[in-house]
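A.B. asks: Below, each chain spelled out in residue letters.
There are 2 protein chains.
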Amino acid sequence: MRKDGLGSINDLIHAKARLGIMSMVMTYEYCDFTMLKEKLRLTDGNLGAHIQKLEEAQYIITKKTFLGRKPKTYVSVTEEGREAYREYIATLEAVLYGEIFHEGEGDK
Amino acid sequence: MRKDGLGSINDLIHAKARLGIMSMVMTYEYCDFTMLKEKLRLTDGNLGAHIQKLEEAQYIITKKTFLGRKPKTYVSVTEEGREAYREYIATLEAVLYGEIFHEGEGDK
Numbered sequence: 058m059r060k061d062g063l064g065s066i067n068d069l070i071h072a073k074a075r076l077g078i079m080s081m082v083m084t085y086e087y088c089d090f091t092m093l094k095e096k097l098r099l100t101d102g103n104l105g106a107h108i109q110k111l112e113e114a115q116y117i118i119t120k121k122t123f124l125g126r127k128p129k130t131y132v133s134v135t136e137e138g139r140e141a142y143r144e145y146i147a148t149l150e151a152v153l154y155g156e157i158f159h160e161g162e163g164d165k
Numbered sequence: 058m059r060k061d062g063l064g065s066i067n068d069l070i071h072a073k074a075r076l077g078i079m080s081m082v083m084t085y086e087y088c089d090f091t092m093l094k095e096k097l098r099l100t101d102g103n104l105g106a107h108i109q110k111l112e113e114a115q116y117i118i119t120k121k122t123f124l125g126r127k128p129k130t131y132v133s134v135t136e137e138g139r140e141a142y143r144e145y146i147a148t149l150e151a152v153l154y155g156e157i158f159h160e161g162e163g164d165k
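Sequences listed follow chains V and U, in order. 155 is the number that the numbering used here gives to position 98 of the first sequence; each next residue is one higher, with no gaps. 112 is the number that the numbering used here gives to position 55 of the second sequence; each next residue is one higher, with no gaps.
Isolated chain V, as found in the complex (with noise of 0.2 angstroms):
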């Protein structure tokens, strides 16, 4: 984990809306646009600058196409995102419990 502290959260993912995305696409292998602005409870215009700012930084990839005649998005994480999630999840505990502070404490 990289010992800038509080630097080393990575604000793509802690912003609520996007940990939202990325903890759901962990969860579920595929999400479609309208389980993920139910369950987040985001209007279309927010889900959408949200999604297309973890699709830019390649941690999700997203696929249209149709139910019937019915346009449907799917959205599901990357590789990248899968492992972005995890160090975000271990920087995260190590702030939570206190740790991020002893570091480099000994090494002065």
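Treat the hints as calculated values from the structure; they're not laboratory data. Treat each hint with caution, since some may be false.
Identical copies look the same in the list; a pair holds intra-copy or inter-copy alike.
[Stated by the list, open to error] Under the rule of at most 27 angstroms between Cα atoms (straight-line distance), these lysine-lysine pairs were calculated in the DSSO-like manner:
hint, residue 1, residue 2
1, Lys127, Lys73
2, Lys73, Lys94
3, Lys94, Lys120
4, Lys73, Lys110
5, Lys127, Lys110
6, Lys94, Lys110
Following the hints, put chain U in place on chain V, whose structure we already have.
C.D. replies: Quick look at chain U alone, frame taken from chain V:
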């Protein structure tokens, strides 16, 4: 844990700088301003503003004193702050591990 999904994540604590302050006052009985500033790598103004928000919420208390002729500000957690931090961790872990999304699925 309140069942309003992401909404139950305490924004007051979730913001990175304030998360760092709360984690430190939970780790160390007394934190002085300089120690917080160094460990969290925040500016005086930034740290002061975040301390004020946590004080207004009665999660922390500050004590101003002098060490010789040098002014010193000490920050410590209140019982309310301790409780809020514990609830924040429980909620965050439910989100991190996706448990929060399975709630209420059974009782539809």
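A.B. asks: Does each hint fit the structure? Answer for all of them.
C.D. replies: For each hint, the structure was consulted:
1. Lys127 / Lys73: Neither way: Lys127 and Lys73 sit 29 angstroms apart in one copy and 40 angstroms across, limit 27 angstroms.
2. Lys73 / Lys94: both (14 angstroms within a copy, 25 angstroms between copies)
3. Lys94 / Lys120: within (16 angstroms within a copy, 45 angstroms between copies)
4. Lys73 / Lys110: For Lys73 and Lys110, the Cα distance is within 27 angstroms both inside one copy (13 angstroms) and across copies (19 angstroms).
5. Lys127 / Lys110: Within. Shortest intra-copy distance 25 angstroms satisfies the 27 angstroms Cα cut-off; inter-copy 47 angstroms does not.
6. Lys94 / Lys110: within (16 angstroms within a copy, 31 angstroms between copies)
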